[in-house]
Amino acid sequence: MDIVVLVKQVPDTWGERALRPDDHTVDRENANLVFNEMDEHAVEEALRLREAAGDGTVTVVCMGPDAATDTIRKTLAMGADAAVHVCDDALHGSCAVTTSAVLAAALGTVSADLVLCGSEASDARVGAMGSMLGERLRRPVLTDARAVSVDGTTVRIERQTDTGYQRVEAAMPAIVSVIEKINEPRYASFKGIMAAKKKPVTTLALADLGIDPATVGLAGSATEVIDAAPAPQREKGQIVTDGGSGGLRVAEFLATAKIV
Amino acid sequence: MADVLVLIDLAVVDARAQPRKGALELLAAATRLGDPVAVVVAAPGSTDAVAETLAAHGAARIVAAESADADAVLITPSVDALAALVGSGSPAAVLIGATPEGKDIAGRLAVRLDSGLLSDVVDIAPDGTCTQSIFGGSTTVHARVRRGTPVIAVRPNSFEPVASAGAGTRESIELPPTDAALAARITGGHQDEVRDRPELSEARVVVSGGRGVGSGENFRLIEELADALGGAVGASRAATDAGWYPHQYQVGQTGVTVSPQLYLAAGISGAIQHRAGMQTSKTIVVINKDPEAPIFELADFGVVGDLFDVVPQLTDEVRKRRS
Ligand SMILES: Cc1cc2nc3c(=O)[nH]c(=O)nc-3n(C[C@H](O)[C@H](O)[C@H](O)COP(=O)(O)OP(=O)(O)OC[C@H]3O[C@@H](n4cnc5c(N)ncnc54)[C@H](O)[C@@H]3O)c2cc1C
Ligand SMILES: Nc1ncnc2c1ncn2[C@@H]1O[C@H](COP(=O)(O)O)[C@@H](O)[C@H]1O
Chain H
1 MDIVVLVKQV
11 PDTWGERALR
21 PDDHTVDREN
31 ANLVFNEMDE
41 HAVEEALRLR
51 EAAGDGTVTV
61 VCMGPDAATD
71 TIRKTLAMGA
81 DAAVHVCDDA
91 LHGSCAVTTS
101 AVLAAALGTV
111 SADLVLCGSE
121 ASDARVGAMG
131 SMLGERLRRP
141 VLTDARAVSV
151 DGTTVRIERQ
161 TDTGYQRVEA
171 AMPAIVSVIE
181 KINEPRYASF
191 KGIMAAKKKP
201 VTTLALADLG
211 IDPATVGLAG
221 SATEVIDAAP
231 APQREKGQIV
241 TDGGSGGLRV
251 AEFLATAKIV
Chain P
1 MADVLVLIDL
11 AVVDARAQPR
21 KGALELLAAA
31 TRLGDPVAVV
41 VAAPGSTDAV
51 AETLAAHGAA
61 RIVAAESADA
71 DAVLITPSVD
81 ALAALVGSGS
91 PAAVLIGATP
101 EGKDIAGRLA
111 VRLDSGLLSD
121 VVDIAPDGTC
131 TQSIFGGSTT
141 VHARVRRGTP
151 VIAVRPNSFE
161 PVASAGAGTR
171 ESIELPPTDA
181 ALAARITGGH
191 QDEVRDRPEL
201 SEARVVVSGG
211 RGVGSGENFR
221 LIEELADALG
231 GAVGASRAAT
241 DAGWYPHQYQ
251 VGQTGVTVSP
261 QLYLAAGISG
271 AIQHRAGMQT
281 SKTIVVINKD
291 PEAPIFELAD
301 FGVVGDLFDV
311 VPQLTDEVRK
321 RRS
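Chains as they are written, first to last, in our numbering: chain H, 1 to 260; chain P, 1 to 323.
Please keep in mind that the hints were generated in silico from the structure rather than gathered at the bench.
Among these hints, one or two may not hold up.
[Unchecked claim] Okay, the calculated bits of chain H under chain P, using three or more residues with CB under 8 Å as the criterion: (1) 10–17; (2) 161–175.
[To be verified] For lysine-lysine, the following DSBU-like pairs were computed, each having C-alpha atoms within a straight-line distance of at most 30 Å: (3) Lys258(H) to Lys236(H); (4) Lys236(H) to Lys289(P); (5) Lys258(H) to Lys320(P); (6) Lys320(P) to Lys289(P); (7) Lys282(P) to Lys258(H); (8) Lys282(P) to Lys236(H); (9) Lys282(P) to Lys320(P).
[As the list claims (entries may be wrong)] If the Cβ cut is set under 8 Å, some of the chain P residues that face chain H in the computed set are: (10) Leu74; (11) Ile272; (12) Val285.
Each residue gets a CB set at the ideal place from its N, CA and C atoms; glycine is no exception.
Assemble the whole structure, with the sequences as input and the hints as a guide.
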């Protein structure tokens, strides 16, 4: 079984995150860039599915600047077999709809029975890439998986909902988005890190995908940011130390605020 | 005035369909841009059950897109219905709730229409400019759609439902047949026993517990306070990772984003990823025994104390004041 995993590099949520003042795109230069958490779980799930199937390949596809090489290396060290890196300066500032067109084209260069992606990237939190790609590639999409299994040509998931879960199935080839509760990602071993250096990484520019640069990036995007500003700081509230009546003090506060 | 399509998310309560609070919020949001047209994509008969409520919250028209598959196939029936309606009219925008499922519908629809998509929108101006809250609420952005019919995913609790009589004219459209090769079909599942609690993302009050709660059993204290306040229960990731409370109640970056009137955090330190899911709450109350816990920076009112003392006392007092 051949599996493709979509991975994104994002600013670390532990650090300060900001938009660039000049063009309102995510400031990647001043951020600590990390592997989007859910995508790490997607890679882990792909490796497990390949191991369970006993054959096949795991290829990661990543669209991002040069720096994303770090994230790609990490997936190869975990055990992915190969990578496709879509990297072109003209992509800077692409909106979600535009990004989906580029990733769809990149997916056209690799064969896959199953495409895995994260339910959401932590930077823009559009949370829809799997569905957008399903629309473009005409494939079924199973979203928010907390468990995945493959049986012949059928893929089944347990889909997390706000009140429990649903069992969902579809015919392969299909696309599955996963949440972080699905598994515990492995650490790359020393051997894995060494082996990663010899694994093939295909770098594709827009021309390789036959995409007109005018249709992507800031100029080709379907949305635009007009302005951005830090949200106003919350005013500092009243902090009391519990001397035996802490609960009563909260109740009083809630009553004054007309909540109780 | 132009139409604004609003996708109505339904909940089933006592075997009867009713619109979620988020759907009524969307009807209110839609009036910023035009006349709200409620679109119900659900099993046959559902629209009859909800039409009155939708009209009472401003729906000018109510479109039923009903089929047996609407509830059995993921995402695509809603996309099909909305795309057909965009094609036959020329709405000013399509509004969808920014829930995980809503975001998937919105993304897929935007691709089909080749339209701009704005997610996590918290306000909409009459000229179509949208306000988004990003990076866990630390940055506010104004953005607009440059191409096609704007597809706008609105974050729950950003608008108040408004009681206002709409004409509620009924219509129906036929959904295209499901393409079996492309369908993701729901074959079963499990729903938590229905509790008398509001849904987390739309609750006016959320009481959350973290690692400080200490065990799944102790979450009873959090539930009792939530029930006394008529609120929903939330949890930090430390608590859901430990298996003390189910994942779907996790608040934060990788969980639910909430923006209630009151958020009460007990035994939660306030890591940036937790704050990302709650810092736009109107009022924040904190109970934590560590005065240095960063969550106190967000507190409108905070108690430095042991939650095992403070929470039960608060629950009793709220019950007293309410009775
Ligand atoms: C990519 C990523 C995504 C994440 N997403 C999320 C997310 O969506 N949601 C989320 O919550 N976290 C998320 N996290 C985890 C986050 O970083 C924290 O680890 C987590 O929020 C900590 O949970 P906590 O506050 O309950 O636990 P802790 O940080 O351990 O804090 C426990 C607090 O309880 C207090 N306490 C202990 N006992 C008592 C008592 N008896 N009475 C009163 N107070 C007491 C302590 O003083 C302490 O402040 C994410 C992390 C990463 C890296
Ligand atoms: N630039 C990108 N390169 C590769 N994968 C991506 C990219 N952007 C998004 N994805 C994938 O799509 C998922 C959902 O992202 P989003 O819809 O942007 O929140 C992510 O978890 C990734 O798996």
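Practice task
Just pull the numbers of the violated hints for me, sorted ascending.
Solution key: Nothing - there is no hint that the structure violates, so all of them hold.
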